[in-house]
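Enquirer: Residue strings, one per chain:
2 protein chains.
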Amino acid sequence: MVKVGIIGVGTVGTSVAQILKDNADVISARAGVEIVVKCGVVKDLGKDRGLDINLSDNINDVLDDDEIDIVVELMGGVEEAFEVVKRALSSGKAVVTANKALLAYHRYELQDMAKDIAFEYEASVAGGIPIINALRDGLSANHIESIMGIMNGTSNYMLTEMRDEGVSYDAILKEAQDLGYAEADPTFDIGGYDAAHKLLILASIAYGIDAKPEDILIEGIENISQEDIAFAKEFGYVIKLLGIAKKDANEVELRVHACLINEEEMIAKIDGVMNAISVVGDKVGETLYYGPGAGGDATASAVIANIIDIARSGKSAPMLGFDKPLEGRLTLKATADINSKYYLRINVSDRTGVLAKLAKIFEKHNISIETMLQRPSQANSANLLISTHIALERDIQNMIEEIQELDFVNAAPVMIRIV
Amino acid sequence: MVKVGIIGVGTVGTSVAQILKDNADVISARAGVEIVVKCGVVKDLGKDRGLDINLSDNINDVLDDDEIDIVVELMGGVEEAFEVVKRALSSGKAVVTANKALLAYHRYELQDMAKDIAFEYEASVAGGIPIINALRDGLSANHIESIMGIMNGTSNYMLTEMRDEGVSYDAILKEAQDLGYAEADPTFDIGGYDAAHKLLILASIAYGIDAKPEDILIEGIENISQEDIAFAKEFGYVIKLLGIAKKDANEVELRVHACLINEEEMIAKIDGVMNAISVVGDKVGETLYYGPGAGGDATASAVIANIIDIARSGKSAPMLGFDKPLEGRLTLKATADINSKYYLRINVSDRTGVLAKLAKIFEKHNISIETMLQRPSQANSANLLISTHIALERDIQNMIEEIQELDFVNAAPVMIRIV
Ligand SMILES: NC(=O)c1ccc[n+]([C@@H]2O[C@H](COP(=O)([O-])OP(=O)(O)OC[C@H]3O[C@@H](n4cnc5c(N)ncnc54)[C@H](OP(=O)(O)O)[C@@H]3O)[C@@H](O)[C@H]2O)c1
Ligand SMILES: NC(=O)c1ccc[n+]([C@@H]2O[C@H](COP(=O)([O-])OP(=O)(O)OC[C@H]3O[C@@H](n4cnc5c(N)ncnc54)[C@H](OP(=O)(O)O)[C@@H]3O)[C@@H](O)[C@H]2O)c1
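Chain order of the listed sequences is A and B. Residue numbering for the first sequence follows our numbering, starting at 742 and increasing by one per position. Residue numbering for the second sequence follows our numbering, starting at 742 and increasing by one per position.
Bear in mind the hints are in silico, worked out from the structure with no lab data behind them. Just to be clear, a hint being listed does not mean it is correct.
What the hints assert, rightly or not - No farther apart than 35 Å at their CA atoms in a straight line, the calculated lysine-lysine pairs in the DSBU-like style are these:
id	chain 1	residue 1	chain 2	residue 2
1	B	K827	A	K1056
2	B	K744	A	K1056
3	B	K784	B	K827
4	B	K1010	A	K974
5	A	K1056	B	K784
6	B	K1065	B	K856
7	A	K1056	B	K1056
8	B	K784	B	K1101
9	B	K744	A	K1065
10	A	K779	B	K1065
11	B	K784	A	K856
12	B	K1065	B	K827
13	A	K1065	B	K1101
14	B	K856	B	K974
15	B	K1010	B	K856
16	B	K856	A	K1056
17	A	K1065	B	K1056
18	B	K1098	A	K856
19	B	K762	B	K779
Stated by the list, open to error - Quick look at which bits of chain A chain B covers, simulated, 3 or more residues with Cβ under 8 Å:
id	segment
20	863–870
21	1015–1027
22	1060–1070
Quick reminder that beta carbons are idealized off the backbone N, C-alpha and C, glycines included.
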């Protein structure tokens, strides 16, 4: 019998306890042993959670219990959770967590501490999709060339609805909040931070590269409008918020932002709240993993898979997938050095000479235009919708800075990278 | 250092040896040890394979070598390969194979023999996609409700091209053969047998159910025509060759056949030679795995992932994913008891009274028609394209038998199940 303590019995923790009971038949057949929850820890003992497990409001009831083999951390947050899992590891307990924020900041310290003991975190990226498993074990023969993922269901839901229903950003945000897909403060999801946490975890497994959220390019979907979506449709693109990790010689790009992506790509076909992650390996080519990125039961499915793994065989792989330094020469690419094609929406006053002036500025910054559309906007103004050939992020940023100062430009230009 | 012997250095074996060399940096970083090929076994020592490994034409040079830790079986075939892997296991060597035919017939005997030693077979299903990993480890908390997969790239390529280019079945088969996607004798791929082998492997992991290819419904794509594709398009369907495993109360359906499938489903969006497998778990919902189902390097990627797993931790999970009997009460559903919607193409002489007579026969067999189209065919004949509501396989088969005897019916009706 394997005994589990669950620290945090909220959305995910409740599902974990419930599924361990509901599916005990297949779970014990697969694990080879029975798995039981000895104790769950919460803040508020007064809440009814509809579970028949022992509850406590004292973390020590799990951490100090020698009979508990596996600590399941589902309380969330960064530093307090870090203290909890460190204590668990140092007393020889295996740890399973779904906490992406914890890993975005402390995964290398945890990898060092968990040399001989299992520390698993499948649910931290893309909820129910076993992507950690795939990347760390299934694709281990490959140098990873790129990872490109829809890692945030809230944003993908909003972008899908904006495209299919033609509704505005503000209307769809309200709807997502009403449906429970978006939090009251949606910044973490739609600002790209949630996806960035997940991307950093995947990039560690793929490249062994260390970076924190502060080190990488993170943008959200707040500026996307119906004009951009119409432009995308016209030119065979779809707009998605992607987390991207890409190897380029000895550097790795890590970035989260909205993208125009060819509608024929598999990742472009992923709609609604679903997540999907495409991985290109040098030998296997592209594989893609699709499924629910959140929700109590889907996330608990991944948490329990980790528990079963540990019950079966203890530690079966290094936490981040490597023992020796992995592709040691790789460094994080500076954001300014990223190459991309770009789409720009520039709102200009409708006067003669505007186009000529803009064209000159583009040329000055080494940016060559691929397509341009002019669409009437408010009275006396127009939107210029422009896509460029491949250019350097530094040049685009400098150009945008210059453009937004021009007297005939009415608002900061909106830029979306084209993948 | 882990020493490997490769029995069969053909398409996949050559890629395995080459990648172990090309990607030795990441492979040893991930495995924690160096992995070297000590010996490869072939039939014809005269062929140049462009590899710098020791070759032999004597299987005993691998099987009797005490220094070899892992035997990689890539020779193909069933009984001879079975003897080889049994000998390897009984001398304490771990085994990795890509041989789906071997597993379709002998997986339960192998599971019994490999209780304490690793026997891995990731590459046997869907080539480079780590689907065994996902199903056996990633989804282990779930009762599996269904598995539905495009498991044969040749058939999917042909169906995709027939739809997109409007070419005939015979023309596209020739093209697939010229491109090397189809064998000179394509029966194994387009007749559904290859997919059936893979389906049986997945069904064992999901349900613990034992069946051989002979026990299940296997049909191919040989009868699909442009008329069927046009009908599918008109009603929002795509035609795919699917392997399907589905739990229905205490029974499991296992079947491989062409399907009409709603074009909005993810699995309907998989085109060309690519494979994809959709799995529905009772807790996680749908997850889907997409990638290359064949090819030397893609398949070798999965073979090496297994080698790395074994180098890391020996045996990390039961071969088929369970120790105790898994969902022990489940039995194979008889083909005649399958429920489905059906599509029928019936070529009839163009005379009065035909429809009325057919309608009567449908009614007699309890089959109710959902839509019907009549399309002119050759002079004085017409194709009736009919979709039904849900009906019983037994009834449909009886009805088809009766219909093909009618004097105004010009050929055996074509039937495609609707999923
Ligand atoms: N929800 C998802 O779909 C999802 C998906 C992927 C990953 N995750 C991750 O899973 C983790 C849990 O998410 P959740 O949605 O389940 O969160 P939640 O519903 O807010 O649950 C958090 C639980 O932790 C307890 N808790 C918090 N601080 C505590 C403390 N100091 N001492 C004792 N108990 C404490 C809470 O107790 P009370 O109930 O008494 O307040 C609650 O039971 C987070 O790291 C999240 O990022 C969630
Ligand atoms: N090719 C793919 O894309 C793919 C994908 C998934 C799974 N698989 C599976 O992988 C396995 C290998 O496929 P493959 O395409 O690599 O086959 P292959 O190219 O025909 O290679 C077979 C190899 O085995 C050797 N061999 C056969 N019988 C032998 C014997 N009795 N003694 C010694 N050597 C023997 C052959 O030697 P010679 O070279 O001297 O003839 C050859 O090197 C099969 O089980 C197949 O189903 C293949």
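Enquirer: Hint by hint, note whether the structure agrees.
Expert: The hints, checked one at a time:
1. With a CA separation close to 28 Å, the supplied pair K827 (chain B) and K1056 (chain A) stays within the 35 Å bound.
2. A threshold of 35 Å between alpha carbons decides the hint, and for K744 (chain B) with K1056 (chain A) the separation of about 22 Å falls inside it, so the pair holds.
3. Distance check on the hinted pair: K784 (chain B) and K827 (chain B) sit about 20 Å apart at the alpha-carbon level, within 35 Å; holds.
4. Between K1010 (chain B) and K974 (chain A), the direct Cα distance comes to roughly 19 Å. Compliance with the 35 Å bound is thereby established for this hinted pair.
5. At most 35 Å may separate the alpha-carbon atoms for a hinted pair to count; K1056 (chain A) and K784 (chain B) exceed this at roughly 40 Å.
6. Taken as a hint, the K1065 (chain B) and K856 (chain B) pair is honoured in the structure, with Cα atoms around 12 Å apart against an allowance of 35 Å.
7. Between K1056 (chain A) and K1056 (chain B) the CA atoms are separated by roughly 11 Å; this keeps the pair inside 35 Å, and the hint holds.
8. Distance hint between K784 (chain B) and K1101 (chain B) is unfulfilled; the C-alpha atoms sit about 62 Å from each other, more than 35 Å.
9. With a CA separation close to 19 Å, the supplied pair K744 (chain B) and K1065 (chain A) stays within the 35 Å bound.
10. Among the hinted pairs, K779 (chain A) with K1065 (chain B) is consistent with the structure: their alpha-carbon atoms are about 23 Å apart, no more than 35 Å.
11. Only pairs whose Cα atoms come within 35 Å are accepted, and K784 (chain B) paired with K856 (chain A) is rejected, the gap being roughly 44 Å.
12. Only pairs whose Cα atoms come within 35 Å are accepted, and K1065 (chain B) paired with K827 (chain B) is accepted, the gap being roughly 22 Å.
13. Distance hint between K1065 (chain A) and K1101 (chain B) is unfulfilled; the C-alpha atoms sit about 73 Å from each other, more than 35 Å.
14. About 50 Å separates the Cα atoms of K856 (chain B) and K974 (chain B), which puts this hinted pair outside 35 Å; it is violated.
15. About 40 Å separates the Cα atoms of K1010 (chain B) and K856 (chain B), which puts this hinted pair outside 35 Å; it is violated.
16. Restraint check for K856 (chain B) and K1056 (chain A): the C-alpha separation of about 19 Å stays at or below 35 Å, so the hint holds.
17. Between K1065 (chain A) and K1056 (chain B) the CA atoms are separated by roughly 22 Å; this keeps the pair inside 35 Å, and the hint holds.
18. Restraint check: the Cα-Cα separation between K1098 (chain B) and K856 (chain A) comes to about 75 Å, which exceeds 35 Å; the hinted pair is violated.
19. A C-alpha spacing of about 12 Å is found between K762 (chain B) and K779 (chain B), which places the hinted pair at or below 35 Å, so the restraint holds.
20. For the segment 863–870 of chain A, the stated coverage by chain B holds: 3 residues have a C-beta nearer than 8 Å to a C-beta of that chain, and at least 3 were required.
21. With 6 residues having a beta carbon nearer than 8 Å to a beta carbon of chain B, the segment 1015–1027 of chain A meets the requirement of three or more and the stated coverage holds.
22. Counting residues of the segment 1060–1070 of chain A whose C-beta sits closer than 8 Å to any C-beta of chain B gives 7, which meets the bar of three, so the coverage hint holds.
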